[in-house]
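Chemist: Got two chains here, each in a separate frame; can you build the complex from them with the hints?
Heads up: the sequence lines are chains A and B, in that order.
Quick note: the first sequence uses our numbering, first residue 133, plus one each step.
Quick note: the second sequence uses our numbering, first residue 18, plus one each step.
Just so you know, these hints were derived from the structure itself, not from any lab.
Please read all numbers here as calculations on a predicted model, not as lab measurements.
Hints are all accurate, no fakes.
In the DSS-like style, the derived pairs of lysine-lysine whose C-alpha atoms are separated by at most 25 Å in a straight line are: (1) B:K213 <-> B:K105; (2) B:K105 <-> B:K148; (3) B:K138 <-> A:K314; (4) A:K314 <-> B:K105; (5) A:K314 <-> B:K145; (6) B:K105 <-> B:K145; (7) B:K226 <-> B:K213; (8) B:K214 <-> B:K90; (9) B:K214 <-> B:K226.
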Amino acid sequence: MIIRPKYTQVLAVSLLVLATLATLAILVFIIVFVLGKGLPNINAEFLFSNPEDMGRAGGIFPTIVGTVALTLTAICIATPFGVGTAVFLTEYTRESRITRIIRFGADCLAGIPSIIFGLFGFIFFVTYLRMGWSILSGSLTLAFMILPTIIRTSEEAIKSVPYSYREVSFSLGATLWQTVYKVVLPNALPGILTGVMLSVGRSIGETAAIIFTAGSSLRTPHSLFDSVRTMSVHFYILAREGLSNEKAYATATVLIVSILMINLSSYWLMNRFILRKTK
Amino acid sequence: MTDRSKFIIENLNAYWSDVQVLRSININIVSNKILGIIGPSGSGKTVFLRTLNRLNDLVPEIRIDGRILLDGKDIYDPDVDPVELRKKIGIVFALPIPLPASIHDNVIYGPSLSGIRNRHKLDELVEKSLKSAFLWDEVRDRLTTSAMRLSGGQQQRLCLARILAMEPDVIMLDEPCSGLDPISTSQIESALTELKKEYTIILVTNNTKQAARVADNTAFFLMNEMIEYGPTDVIFTVPRDKRTIDYITGRFG
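Only chain B is shown next, with the shape it has when bound in the complex (with noise of 0.2 Å):
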């Protein structure tokens, strides 16, 4: 691969408490390139996603060892601001969450955070990212109203904008598409297949067709442990690990 890293994790290790709940993952995850991460319920991918934003540092148990760098730079340096990391590497959750108020301001949480209070610059930053999320359509009419109103399908795609309206780096979804449905899956696909362009993606699913679909790479979780990792094409192709194989063709898991 000759392309430009935007990650390089080395010998990362974390901790809940005693419990090992990952165990030596090394990957290069690659720039305006979707990541797909598979692997069943407990094996340690979310814990991963939430150790590339350091999220878990909200959660006292959590202790990890090992490398993250960010563009060359350990996210892990005393110097790095975990507010201003996190600003750069959005996250969706797996349930859509719409903090309880108008589509508008959920757009514009991320940039009023930073200061941002130019209603015009925001203005332009709502349609944008709406647009992005394939969601502006829907909405364009009724900004001002509750995004508690929206569809589960709708305020994952509302999430979605309301990362890109951050104009982050990195784009990471923690399966963005459990509590939806198929066209609202094929809706988030899609913004992601165009928003690769720009941002590097994440995408961590219990789907592996999603990781087929959409993936240029994927990796493959399995007990805490990076069983496989390679072009989505190779991993679902020819395999080298038996464990991959029994897992995408859906012997366990």
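In isolation and in its complexed conformation, chain A is listed as follows (with noise of 0.2 Å):
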């Protein structure tokens, strides 16, 4: 049987328009669902004031210092190793067999479940190291979870910034740090930042590595050694213990408000960027 393109041509846009709409309809529903439940139950007093009785009342102000704080201390320790080691795997060094061997090792490292990431915190950050439950064990285990991304994000947009750019600059008499410094990482900024913005989303996200690292507490924390608990694991715990249903989805519904907020912000601050360099 012979089926006529004209045929399969209208198929392949109705399975296709298909396939966009279920996707757009289940992160429509999911977020319609979470906001529905969550909005009614925000106010100022949900935001900043204290949890009282293990969460069942009160806000979450200590759970959004928390998560501020954690995922701003691994973006802070995570990005100059990240960018630094793709800068050197991309600029530094000719494809071999140990760029291979670095890049492959970033791979498996971006395939590690986020568990085994908080288990090796607790032995050896927060157990070893003796830094206890606290913020700083937690964003050093967040950064080692990101970095993969970090770098290899931070490659591709390295080495999609034209070659005739670098041949220019050193035909100027620049070295090669000055191409790097001047040219090539001002031109690749926001793919960089967008795989920044991707672990920023990830470390927000993140329950199991930083249970097991950065604790629980819900007290606001003070330095870096203090325990704490973020929005994610706040509200893991709120719905696993069955402690509040309200706040649960109250929680989520900020954690999600924040994240698309992020990435809004940041897309504007990226065209912003782009627009400034060609105007």
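Modeler: Spelled out as structure tokens, the structure:
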């Protein structure tokens, strides 16, 4: 039997549209479901007061502080190492067995389940280095987790900078480092930022690795050595222990909305950045 | 020729992996003159240019032997820093490649690498270089806009200005007009004729007429060899080699 090209065309288009709609529908459903249950329970008090009675009442202020502190510290640790590694792999070495091994290692690191990172962080940072359950232990563990993402996205961003820019820079008497610093990195920045933003998202959403390393204290932290609870961990505990469904969904709503806002603002930043270079 | 030599090149060979891409080139490049290098694509003109500022050092597959003396000093001596060498020998590539930054920042790229930070001195350099490249009048009131928004011809003149701001000794141009319209081309040519008072210029071109118009001396490259070299009027009127006649009369290439 011969199917006419006209029909296969119609069939293909309908299937593709269907797939897209299904994806969108699931996404919208999840967001609407969580927001619907969470939004009514959110107010200024919920955002800015301490939890009471294990989280059954009160707000989530310490977990917001905890999430921000943990994520920021992790990003600040991982970004210089990740970008540095990417620059070294792309600009300072030629493709060889060693660079392939490093890259393979990074890919393997990316595939390891987060609970393993958590266990490692617990054994190494919390116990062996005696950092205890703390922002420091947690963010170091998170940094290990997000390092591969930052390395690989930075590498791709650096590779996408046209070779001709480098050639121009060298021909004008630049050293390799001057070329990297003045030409390659500025032009790779939007791509590098994308990787960093992905990592922020992953850090905010992480629970398994954090329970093991940062603990689940409900107090507002005052230093890097204090134990904290992040919003994700708080949500997990509220839901698992059956403490309060309303508070759990409200926490989830804050999480989702903050991730949305971070993504939107980074897109805005990136666009502004690119516009400034070409206008 | 009683003129002073800028470059003396002796028995220069270059290899790309196992393939020889330059065959025993011998040439004296004279100070404050324009040397035109003509020849078909793939004849080794670009590789030749890039050996002169050691840009080929960046390509590990390329190996060279022979001697290249700049003002009497071998530029491949171990104590010569290629970074410093490239500051003395500017190159304009075939396609205009402005860096994605403002016009002003493009021009000061070279000097700022050397650590010049003085705003006043930099502004002076920008104006002087853009004027010498015949571009100042078109961009003087929009120096802070992106260089990417200039036309192709303007971008190529910007690339020339960017090199002039380094205050080099030698200016090399690798088919600088291949993508440009006749008016932009003539602007570049006027700039070059003006600039040879201060600089030694090497102009690689696919366009034999361009060499005839602006070059003082002309070298003809074919199949990785230099076939003939002499004053432009001699090369274009009474060349010694039959292949040169064939090429400039358009019988091949």
